[in-house]
Amino acid sequence: MATRARRIVLGGGLVALALVPVVAALLHQPFYVDLFRRILIWAIAAVSLDLILGYGGMVSLGHAAYLGIGAYAVAVPASYGIDSGLVQLALAVLASAAAALVIGAVSLRTSGMYFIMITLAFAQMFYYLGISINAWGGDDGMRLARRSRLPGLDLADPTVFYYVVLALLVLLLWLGHRLVHARFGTVIRAAKSNEPRMRAVGFATFRYRLAAFVLAGAVGGLAGALLTNQTEYLTPSYMHWTRSGEIMVMVILGGMGTLFGPVLGAAAYLLLEDVLSAWTVHWQIVLGPLLVLVVLYARRGLYGLLPGGTSTDG
Amino acid sequence: MTALLVAEQCLNGLQLGVMLFLMAAGLTLVFGIMNLVNLAHGSLYMVGAYLATAVFNWSGSFVLGVVFALPATLAIGMLVEVIALRRLYERDHLDQVLATFGLILFFNEAVAMVWGRTALFTRVPPALAGQIVVLPGLRYPAYRAVIIVVGLAVALLLYGLVSRTRLGMLIRAGASNRTMVAALGVNIRLLYTLVFGFGAALAALGGLMAGPIYNVQPGMGEEILVEVLVVIVIGGIGSIRGALVGAIVVGMVDTLGRAFLRPLLSSVLGPVAAESAGPALASMSIYLLMAAVLFFRPQGLFPAARS
Chain A
1 MATRARRIVL
11 GGGLVALALV
21 PVVAALLHQP
31 FYVDLFRRIL
41 IWAIAAVSLD
51 LILGYGGMVS
61 LGHAAYLGIG
71 AYAVAVPASY
81 GIDSGLVQLA
91 LAVLASAAAA
101 LVIGAVSLRT
111 SGMYFIMITL
121 AFAQMFYYLG
131 ISINAWGGDD
141 GMRLARRSRL
151 PGLDLADPTV
161 FYYVVLALLV
171 LLLWLGHRLV
181 HARFGTVIRA
191 AKSNEPRMRA
201 VGFATFRYRL
211 AAFVLAGAVG
221 GLAGALLTNQ
231 TEYLTPSYMH
241 WTRSGEIMVM
251 VILGGMGTLF
261 GPVLGAAAYL
271 LLEDVLSAWT
281 VHWQIVLGPL
291 LVLVVLYARR
301 GLYGLLPGGT
311 STDG
Chain B
315 MTALLVAEQC
325 LNGLQLGVML
335 FLMAAGLTLV
345 FGIMNLVNLA
355 HGSLYMVGAY
365 LATAVFNWSG
375 SFVLGVVFAL
385 PATLAIGMLV
395 EVIALRRLYE
405 RDHLDQVLAT
415 FGLILFFNEA
425 VAMVWGRTAL
435 FTRVPPALAG
445 QIVVLPGLRY
455 PAYRAVIIVV
465 GLAVALLLYG
475 LVSRTRLGML
485 IRAGASNRTM
495 VAALGVNIRL
505 LYTLVFGFGA
515 ALAALGGLMA
525 GPIYNVQPGM
535 GEEILVEVLV
545 VIVIGGIGSI
555 RGALVGAIVV
565 GMVDTLGRAF
575 LRPLLSSVLG
585 PVAAESAGPA
595 LASMSIYLLM
605 AAVLFFRPQG
615 LFPAARS
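Protein chains in written order, with our numbering: chain A, 1 to 314; chain B, 315 to 621.
Hints listed in this document are in silico derivations from the structure and should not be mistaken for laboratory results.
Everything numeric in this text was worked out from a predicted model, so none of it was measured.
Glycine residues also receive a C-beta, built at the ideal position from the N, C-alpha and C atoms.
Just so you know, not all the hints are guaranteed correct.
[Stated by the list, open to error] Part of the chain B face toward chain A, derived, beta carbon under 8 angstroms:
1. Tyr403
2. Trp429
3. Gly430
4. Arg492
5. Met494
6. Val544
7. Pro593
8. Tyr601
9. Val607
10. Leu608
11. Phe609
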């Protein structure tokens, strides 16, 4: 159960996010709508990774693959004139779920170091595949012909797009909360702490873990579909493994094994990037050592700093 | 004619293979012995390439570049181990991934600050710029031939070092039971630092030899790192022998795939389909190979014996 103090903090955070377009309009700074929409999209990706990383203990270093597949599922049909958002989103979710099914079926047979490297290698495989398909932009990528067309919603309007993304994130958090506290989530968490025992009790843990892996991949694909709408550009670099690393950093920075932690982590990471890169083009020389320090000395993440944020449930 | 082309591409595959092996040998020891996922190994490869190239361009002597870059990268590797990585041995793999990812960002940016983001000018050392006759009718660039010879020599030395010397015995003992080795009075921390620095020097050797063939630029380490990870996973984590076999196999498959997959496919699918399918399949080939190996042997081809 979330404590009262934490509920107030989280509710306040949600209200603040909902007010971003209003405040940006008052300040005549439309840039902030763009920045926070980007944060929300990466937050969706980070929450999906946390589902397997934090709750399931599966250290996947290939999450960017699904992001990329989602992006291609929007931009490639758009380049052939199919701009129905529903078709594109369905394709993004299904294609990334299918990829996650194949990747998961192979990599979940292994564990530990092997699992990390295999998920990484599969993501790189998709990256090189994207580079080699010249008809779909190849190495350079290609412009998105137009943003996805959703019935009744005009994504070309920055504010409408912002609220669509926010609504999807809130929906994801709600569904995630239900899932984590359902039987499914309990099995996933128990398999993380002691898989042989779960198998001995009679659970087919492989299937549960694979299902979680596919689910996370599907949501990652959704984030990718939103991301390519955000940037209005498709590039294979969405799938580069450093992207996977960045998503992982967001999860850890915010606090893994929590639902709101990754959202905080995405915000902190992208705001830090925004501040540091305004200060110097070499901002990564600050970020890198900072990351090492966080790992060495502050492992509980930002979520652990919130009032009542010590328990690990979402 | 075709046989010569195949032979030449096989030599290219071997050359990529020994390059991968130089990286994989150090990394698989770090993975296997210290139980550390070190993604920053590619950064040491990059640092070695930059240091050697900078000294080469400044002095005009490739040998001087090598003589400077190897000990310098060894020292940098040991420094990184003492400052940051040493604290990570007891942590879980996730922490190791994140911290070494942070190191990658640092090294890439540090290199970009000193030498800029564009590729550094470099060239094959003049003495090795020519070609040599390997077989009647088959001429091969001398520089690439030297890489193959150096790589195979290092593999032999390494095998002797690990299996025949006292240091190698300690390394193997430390891998199977760290506490026991420490209890017997061996300074295991110093041993780890030495092994790490040694691995860094091997990576630097790979990097400085790669410089004149590939680009010397920020991020060059990550391109090869992922292929090296494939090598290690195929060979089995912690096994030098697995690293050697994996490296040669991956080098061959990658090179031959890029060279011959398109013409092979075009005789089956027709030239238009092969034009796009060939390069796509070639770039995926080593990952498909890895998936196939793991499907049948999840611990790799030569799993290192561990207690």
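Now the hints, each set against the structure:
no.: 1; hint: Tyr403; verdict: violated (12 angstroms)
no.: 2; hint: Trp429; verdict: violated (13 angstroms)
no.: 3; hint: Gly430; verdict: violated (11 angstroms)
no.: 4; hint: Arg492; verdict: violated (17 angstroms)
no.: 5; hint: Met494; verdict: violated (22 angstroms)
no.: 6; hint: Val544; verdict: holds (5 angstroms)
no.: 7; hint: Pro593; verdict: holds (4 angstroms)
no.: 8; hint: Tyr601; verdict: holds (4 angstroms)
no.: 9; hint: Val607; verdict: violated (10 angstroms)
no.: 10; hint: Leu608; verdict: holds (6 angstroms)
no.: 11; hint: Phe609; verdict: holds (6 angstroms)
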